[in-house]
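Trainee: Take a look at the letters that make up each chain.
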Amino acid sequence: MFEKEVAGIELSAELNQFISEWKEKPGNLIMILHRVQEEYGYIPREVALELSRILDVPLAKIYGVVTFYHFFKLTKPGKHIIQVCMGTACYLKGGADLIRDLERLLGLPVNGTTDDGEFSLEAVRCIGCCGLAPVMTVDGEVFGKIKSDQLPGVIAKYKGN
Amino acid sequence: MAYRSYILVCGGTGCESSHADKIYQNLKNEIEANKLSEQVQVIKTGCFGFCEQGPIVKILPENTFYVQVKPEDAKELVDEHIIKGRPVERLIYSASDDKNRKSVIAEEKDISFYQKQYRIVLRNCGMIDPEVIEEYIARDGYAALEKVLFDMKPEQVIDELKKAGIRGRGGAGFPTWMKWNFTKGATNSETKYVVCNADEGDPGAYMDRSTLEGDPHSVLEAMTIAGYTVGAQKGFIYIRAEYPLAISRLKIAIQQAKDMGLLGDNILGTDFSFDIEIRLGAGAFVCGEETALLASIEGKRGMPIPRPPFPATHGLWKKPTVINNVETYANIPMIILKGGDWFASIGTETSKGTKVFALTGKIKNSGLIEVPMGITLREIIYDIGGGIPNGRKFKAAQSGGPSGGVITEEFLDTPIDYENLAKLGSIMGSGGLIVMDEDDCMLDIAKFYLDFTVDESCGKCAPCRIGGKQLYGLLDKISQGNGELDDINKMEDISLAMQRASLCGLGQTAPNPVASTLRYFKDEYLEHITDKKCSAGVCKDLLQFNILKDKCVGCTVCARKCPVNAISGERKQPHEIDQNACIKCGECYEACKFQAITRG
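If you're matching them up, the sequences are chains U and Y in order.
Counting from 1087, one number per residue, gives the positions in the first sequence under our numbering.
Counting from 129, one number per residue, gives the positions in the second sequence under our numbering.
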């Protein structure tokens, strides 16, 4: 279910502005959810409730949409998001080994977040730079042709920052 | 204004990931520092295609092709090439591997990677700055739209597409003119839509992304032409949220086209008005299926609905909707300008024009290629791709991603077109082409794709939801060494049921990787089942690493490499692997210089 948040969330002026721009357009829900996730990093329950009120859409329907699409998250991700590409080219060149090693290094399962909230680990579909396979990204920065023994160095670069 | 020189820097996602942006900035700074801004223009273009050698920089008019450029090379490029007129030889593609065996290859036309390519869709990628509409216009951009609006009736546009014989590039290969004609003829509503499917979810494929990043206006122009032809007023581009660069370039392109009166109200002063809006996907592979895509644009869960009625008459909000993918659209302006007969002169009897492939996997030159239909796989893999790296042997190529199948060595000389690929048990698909060598286990590949489709099944219909899961379960069981001979029959039965009874293309094609690998690599399945062996060394449960006592010299390299300390032994004494602790990562096998470790 949606992660519990403190009641009575105040939406930022920009978010409110975006919602009012899209409010009357048909098929607006996914675009608005994208904007919410851009702001919070996930879809907090309180914001979903607020959306349900503003757009006059049942919360259950919003929940249905959020859970259907991989892109939307219901829990807060870590400060740094590590994504390992599991597209076919990266898989053939050892993407699964990278995930296994990262799981061990960070002590968390894929799609998990470390206890200190520092790192999240995700397996993602093709990032689109197959020439660099295997590929991983940290906070959007791409690391291509990466080998297992480079992983501790990459993590150290972000830890504590 | 013409410049003395142009420096083109690749701004595709692959090169950007290798700091192409910094290269571009450094080059600009160098040009400014040398007060050459009036004479030399630095341009960030779309993808050149030769991703393996990126980041790529090309300097005109000499046409010098620099590869693997680093940001710190900017100064040397400007000092040497631009100012002194001497090419920087160390950055020129030195093709010791290139088939042509020239020592230094300074121009694209001499590189074997480019020689068999034919660029229609990618005509502007790597040629123009995708963020400047004037550059697109300078290469005949929007001339097709002008021709259509002033000189052609909608029927003539459809006739031209019919003559061209272009078929949908999204995978299924339905004739484009028929789609457009159905929507044009639909009388159930005055409101009609044009939709561009840019939800490229096939793992290992990035053709559409590169087209949109490198030449967004070609798609906008084609959608506007479609709007005029079928009588639509509005277009939607449905694009993956995971493609931020393509989205931002599309937004810029839409705004520029509107500012110039090429989009919006009264286009080019005519009474035709057409607008395009971007809608983001959210990571659901099934949304590449047209009815699911339309549901997603409507803001709903992206679940397919049965066809007929087809979107051509009952599409977005039940209105007549033309829906094509990015590559199909990118062809249209050229067909209008050069004529259907010209387009039809390229390709085979049933498949006209070109096809863009993302050539990846175990191949020397991975990258984005565009080839005429009818080319053979051998030409793609050996002439363009440069063959298999590390002296390994070709095993199979997978086309069509999770919906496709494998093509084996004996069919390397089959001309590639829709029909031939179908006969081989694969499909054209959207253009992912993944090369596999002898180190790849075919059962594992089938499992990889099934894992993907099970995860992506929307769950609406039972054959796909349950069948996929069961199929995956059987593959998993075999890969763990628990397979029985009857499992193969079970897999064949389930595959057939899914193909016949699933609601949409996802479920109908999900068993293809299993069916296709079973057809060509049944031996490998049998080896897993009866011998409990995986000779490619991929299925970890069937693997064991052992140290040969007579070959081990006790150098301790393997023990130090082992991530779980499963290897023990005194210095200069034979070592041993604790099989219970071993995680079968293969680090020791790779590290041993004395071939003292066996895998089997």
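To be clear, the hints were calculated from the coordinates, so they are not data collected in a lab.
Please note: incorrect hints may appear among the correct ones.
Unchecked claim - Computed cross-link-like contacts, DSS-like style, restricted to lysine-lysine with a CA-CA straight-line distance of at most 27 Å:
id, chain 1, residue 1, chain 2, residue 2
1, Y, 244, Y, 212
2, U, 1179, Y, 605
3, U, 1243, Y, 212
4, U, 1147, Y, 446
5, Y, 275, Y, 291
6, Y, 446, U, 1233
7, Y, 244, Y, 492
8, Y, 244, U, 1159
9, Y, 275, Y, 362
10, Y, 163, Y, 212
11, Y, 618, Y, 650
12, U, 1159, U, 1111
13, U, 1231, Y, 668
14, Y, 721, Y, 650
15, Y, 650, U, 1179
16, U, 1231, Y, 521
17, Y, 689, Y, 650
18, Y, 712, Y, 689
19, U, 1147, Y, 447
20, Y, 492, U, 1231
21, U, 1159, Y, 597
22, U, 1245, Y, 291
23, U, 1233, Y, 712
24, Y, 244, Y, 275
25, U, 1243, Y, 198
26, U, 1159, Y, 588
27, Y, 689, U, 1231
28, U, 1159, Y, 428
29, U, 1179, Y, 212
30, Y, 668, U, 1111
31, Y, 198, U, 1147
32, Y, 618, U, 1179
Trainee: Next step is simple, just say for each hint if it's right about the structure.
Mentor: Hints versus structure:
1. For the proposed pair residue 244 of chain Y and residue 212 of chain Y, the alpha carbon gap of about 34 Å is over 27 Å, so the pair is violated.
2. For the hint linking residue 1179 of chain U to residue 605 of chain Y, the alpha-carbon distance of about 24 Å falls within 27 Å, and the restraint holds.
3. Distance check on the hinted pair: residue 1243 of chain U and residue 212 of chain Y sit about 40 Å apart at the alpha-carbon level, beyond 27 Å; violated.
4. The straight-line distance between the Cα atoms of residue 1147 of chain U and residue 446 of chain Y is roughly 21 Å, inside the 27 Å bound, and the hint therefore holds.
5. Between the alpha carbons of residue 275 of chain Y and residue 291 of chain Y the distance comes to roughly 17 Å, so the proposed pair stays at or under 27 Å and holds.
6. Distance hint between residue 446 of chain Y and residue 1233 of chain U is unfulfilled; the C-alpha atoms sit about 50 Å from each other, more than 27 Å.
7. Distance restraint check for residue 244 of chain Y and residue 492 of chain Y: the Cα-Cα separation of roughly 16 Å lies within the 27 Å cut-off, and the hinted pair is therefore satisfied.
8. Straight-line distance between C-alpha atoms of residue 244 of chain Y and residue 1159 of chain U comes to about 45 Å, which puts the hinted pair past the 27 Å bound.
9. Among the hinted pairs, residue 275 of chain Y with residue 362 of chain Y is consistent with the structure: their alpha-carbon atoms are about 20 Å apart, no more than 27 Å.
10. At most 27 Å may separate the alpha-carbon atoms for a hinted pair to count; residue 163 of chain Y and residue 212 of chain Y meet this at roughly 15 Å.
11. Using a Cα cut-off of 27 Å, the hinted pair residue 618 of chain Y and residue 650 of chain Y holds, with the two alpha carbons roughly 14 Å apart.
12. Between residue 1159 of chain U and residue 1111 of chain U the CA atoms are separated by roughly 24 Å; this keeps the pair inside 27 Å, and the hint holds.
13. The straight-line distance between the Cα atoms of residue 1231 of chain U and residue 668 of chain Y is roughly 23 Å, inside the 27 Å bound, and the hint therefore holds.
14. For the hint pairing residue 721 of chain Y with residue 650 of chain Y, the CA-to-CA distance comes to about 35 Å; that exceeds 27 Å, so the pair is violated.
15. For a cut-off of 27 Å, the pair hint linking residue 650 of chain Y to residue 1179 of chain U stands: about 24 Å separates their Cα positions.
16. For the proposed pair residue 1231 of chain U and residue 521 of chain Y, the alpha carbon gap of about 22 Å is at most 27 Å, so the pair holds.
17. Among the hinted pairs, residue 689 of chain Y with residue 650 of chain Y is inconsistent with the structure: their alpha-carbon atoms are about 36 Å apart, more than 27 Å.
18. Of the pairs offered as hints, the one joining residue 712 of chain Y and residue 689 of chain Y holds, with about 13 Å between alpha carbons and a cut-off of 27 Å not exceeded.
19. Annotation: proposed proximity of residue 1147 of chain U to residue 447 of chain Y holds, straight-line Cα distance about 24 Å (limit 27 Å).
20. Straight-line distance between C-alpha atoms of residue 492 of chain Y and residue 1231 of chain U comes to about 14 Å, which keeps the hinted pair within the 27 Å bound.
21. Between residue 1159 of chain U and residue 597 of chain Y, the direct Cα distance comes to roughly 24 Å. Compliance with the 27 Å bound is thereby established for this hinted pair.
22. For the hint pairing residue 1245 of chain U with residue 291 of chain Y, the CA-to-CA distance comes to about 60 Å; that exceeds 27 Å, so the pair is violated.
23. Of the supplied pair hints, the one linking residue 1233 of chain U and residue 712 of chain Y holds, its CA atoms being roughly 17 Å apart against a limit of 27 Å.
24. Between residue 244 of chain Y and residue 275 of chain Y the alpha-carbon distance is near 31 Å, which puts this suggested pair outside the 27 Å criterion.
25. With a C-alpha separation of about 21 Å, the suggested pair residue 1243 of chain U and residue 198 of chain Y falls inside the 27 Å cut-off, and the hint holds.
26. Proximity of residue 1159 of chain U to residue 588 of chain Y is assessed by CA-CA distance (about 22 Å); at most 27 Å being required, the pair is judged to hold.
27. Taking the CA atoms of residue 689 of chain Y and residue 1231 of chain U, the gap is near 20 Å; set against the 27 Å cutoff, the hint holds.
28. Restraint check for residue 1159 of chain U and residue 428 of chain Y: the C-alpha separation of about 17 Å stays at or below 27 Å, so the hint holds.
29. Straight-line distance between C-alpha atoms of residue 1179 of chain U and residue 212 of chain Y comes to about 42 Å, which puts the hinted pair past the 27 Å bound.
30. With a C-alpha separation of about 52 Å, the suggested pair residue 668 of chain Y and residue 1111 of chain U falls outside the 27 Å cut-off, and the hint is violated.
31. Proximity of residue 198 of chain Y to residue 1147 of chain U is assessed by CA-CA distance (about 49 Å); at most 27 Å being required, the pair is judged violated.
32. Between residue 618 of chain Y and residue 1179 of chain U the CA atoms are separated by roughly 31 Å; this puts the pair beyond 27 Å, and the hint is violated.
In terms of the numbered hints stated before, the structure departs from hints 1, 3, 6, 8, 14, 17, 22, 24, 29, 30, 31, 32, listed from lowest to highest.
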